[in-house]
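Use the sequences and the hints to build the structure in full.
There are 2 protein chains.
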Amino acid sequence: MRHTLTIQFDCRDGRRAAAFWAEALGYRAFGSSGPYRSIVPPDGVIGPKLVFQEVAEPKTSKNRMHLDIDLDPGADLEAEVARLRALGATLASADPIAEEGMRWYVLRDPEGNEFCVVAA
Amino acid sequence: MRHTLTIQFDCRDGRRAAAFWAEALGYRAFGSSGPYRSIVPPDGVIGPKLVFQEVAEPKTSKNRMHLDIDLDPGADLEAEVARLRALGATLASADPIAEEGMRWYVLRDPEGNEFCVVAA
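Listed in order, the protein sequences are those of chains A and B. Sequential numbering from 0 applies to the first sequence in numbering that gives the first Met the number 0. Sequential numbering from 0 applies to the second sequence in numbering that gives the first Met the number 0.
It is possible that part of the hints are untrue.
Put simply, identical chains are the same to the list, so a pair is met inside one copy or across any two.
Stated by the list, open to error - Computed cross-link-like contacts, SDA-like style, restricted to lysine to any residue with a CA-CA straight-line distance of at most 20 Å:
#, residue 1, residue 2
1, K48, D12
2, K58, A28
3, K48, E99
4, K58, G87
5, K61, A93
6, K48, R15
7, K48, V105
8, K58, A97
9, K61, P95
10, K48, T3
11, K48, L4
12, K48, G25
13, K61, E113
14, K48, C115
15, K48, A119
16, K58, P109
17, K61, R11
18, K48, G100
19, K61, T89
20, K48, T5
21, K48, A118
22, K61, L90
23, K48, R1
24, K61, I96
25, K61, Y35
26, K58, R15
27, K48, A28
Think of the hints as simulated: they come from the structure by calculation, not from any bench. Values in this document were obtained by computation on a predicted structure and should not be read as measured data.
Following this line, the structure appears as structure tokens:
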């Protein structure tokens, strides 16, 4: 491939957002530069880098782009949602959504960014 | 890893958005289900799945989350931007931005989603 993908988040508090997503995904800190703070997968795992950029403006509407955390088969969806809430996520859907053969919850990260936790 | 990451886009025209991003990233179609249309990396390449979901509402503000396409060292930034514009992207920054040792352009996909093309 001639490129790699990075996922960039605008944030009010980059340290908090990076810490949340590192714990959520099992990522590790990869340094910071200016307003940018990066996290990457652990050694031996391939996945996109996430970068958190501090910006002045707040979030004003539902994101047009969001992440799904797709759990491995057999994982406990409710336990994973509880773990993420303990890290600072909030529930956007009280009940799981069931559609297209999958079950998922909609949550928000500490910046208010919507994301889903999905069980096949 | 106990999970994988999927990147979800809300769209007005999922077919157009999926076609653009497949060409942009060298991805291939991975089928559709209900309002969802997926694209994945080519065989032998590991990367996040992208899913395009058709929704009724239009984009109303700058995304809080966006993708960076990080070019391999030595890649021609201007040529890649020209290729993406030929696929339907539009330039959001007329001149490249130079910061933190990198150069990049801000573009918009056919749905108006901001993304960056970055040369180290």
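Hints, verified against the model:
1. Taking the shortest alpha-carbon separations for K48 and D12, only the intra-copy value of 18 Å comes in at or below 20 Å, while the best inter-copy value is 28 Å.
2. Neither within a single protomer nor between protomers do K58 and A28 lie at most 20 Å apart by alpha-carbon distance, with minima of 24 Å and 32 Å respectively.
3. Proximity of K48 and E99 under a CA criterion of 20 Å is satisfied inter-copy only: 17 Å between copies versus 29 Å inside one chain copy.
4. With identical chains, the CA atoms of K58 and G87 are at most 20 Å apart within one copy only, with a shortest distance of 17 Å there and 27 Å across copies.
5. With identical chains, the CA atoms of K61 and A93 are at most 20 Å apart within one copy only, with a shortest distance of 17 Å there and 28 Å across copies.
6. Taking identical chains as interchangeable, the C-alpha atoms of K48 and R15 lie at most 20 Å apart only when both belong to the same chain, with a minimum of 17 Å there against 26 Å between chains.
7. For the identical chains of this complex, K48 and V105 are inter-copy neighbours only, at 18 Å across copies versus 22 Å inside a copy, given an alpha-carbon limit of 20 Å.
8. For a Cα distance limit of 20 Å, the shortest separation of K58 from A97 qualifies neither inside one copy, at 28 Å, nor across copies, at 26 Å.
9. In this assembly of identical chains, the alpha carbons of K61 and P95 lie at most 20 Å apart only when taken from the same copy (19 Å versus 29 Å across copies).
10. With identical chains, the CA atoms of K48 and T3 are at most 20 Å apart both within one copy (9 Å) and between copies (13 Å).
11. Taking identical chains as interchangeable, the C-alpha atoms of K48 and L4 lie at most 20 Å apart whether they share a chain (7 Å) or sit on different chains (11 Å).
12. Taking the shortest Cα distances, K48 and G25 sit within 20 Å of each other both inside one copy (12 Å) and across copies (19 Å).
13. For the homomeric pair K61 and E113, the shortest alpha-carbon distances inside one copy (7 Å) and between copies (15 Å) are both at most 20 Å.
14. Both within a single protomer and between protomers do K48 and C115 lie at most 20 Å apart by alpha-carbon distance, with minima of 18 Å and 14 Å respectively.
15. Taking the shortest alpha-carbon separations for K48 and A119, only the inter-copy value of 15 Å comes in at or below 20 Å, while the best intra-copy value is 24 Å.
16. In the homo-oligomer, the alpha carbons of K58 and P109 lie at most 20 Å apart inside one protomer (12 Å), although the nearest pairing across protomers, at 22 Å, exceeds that limit.
17. Proximity of K61 to R11 under the C-alpha cut-off of 20 Å is found in both arrangements, the shortest distances being 16 Å within a copy and 15 Å between copies.
18. For a Cα distance limit of 20 Å, the shortest separation of K48 from G100 across copies, 18 Å, qualifies, whereas the shortest one inside one copy, 29 Å, does not.
19. Taking identical chains as interchangeable, the C-alpha atoms of K61 and T89 lie at most 20 Å apart only when both belong to the same chain, with a minimum of 15 Å there against 23 Å between chains.
20. Proximity of K48 to T5 under the C-alpha cut-off of 20 Å is found in both arrangements, the shortest distances being 5 Å within a copy and 13 Å between copies.
21. Proximity of K48 to A118 under the C-alpha cut-off of 20 Å is restricted to the inter-copy arrangement: shortest distance 16 Å between copies versus 23 Å within a copy.
22. Taking identical chains as interchangeable, the C-alpha atoms of K61 and L90 lie at most 20 Å apart only when both belong to the same chain, with a minimum of 14 Å there against 24 Å between chains.
23. Taking the shortest Cα distances, K48 and R1 sit within 20 Å of each other both inside one copy (16 Å) and across copies (17 Å).
24. Taking the closest pair of Cα atoms, K61 and I96 come within 20 Å of each other only inside a single copy of the chain (18 Å); across copies the shortest separation is 27 Å, beyond that limit.
25. Only between protomers do K61 and Y35 lie at most 20 Å apart by alpha-carbon distance; the minimum there is 18 Å, versus 23 Å within a single protomer.
26. With identical chains, the CA atoms of K58 and R15 are at most 20 Å apart within one copy only, with a shortest distance of 15 Å there and 27 Å across copies.
27. Taking CA atoms no more than 20 Å apart as the test, K48 paired with A28 passes inside one copy only; the shortest distance there is 10 Å, against 23 Å between copies.
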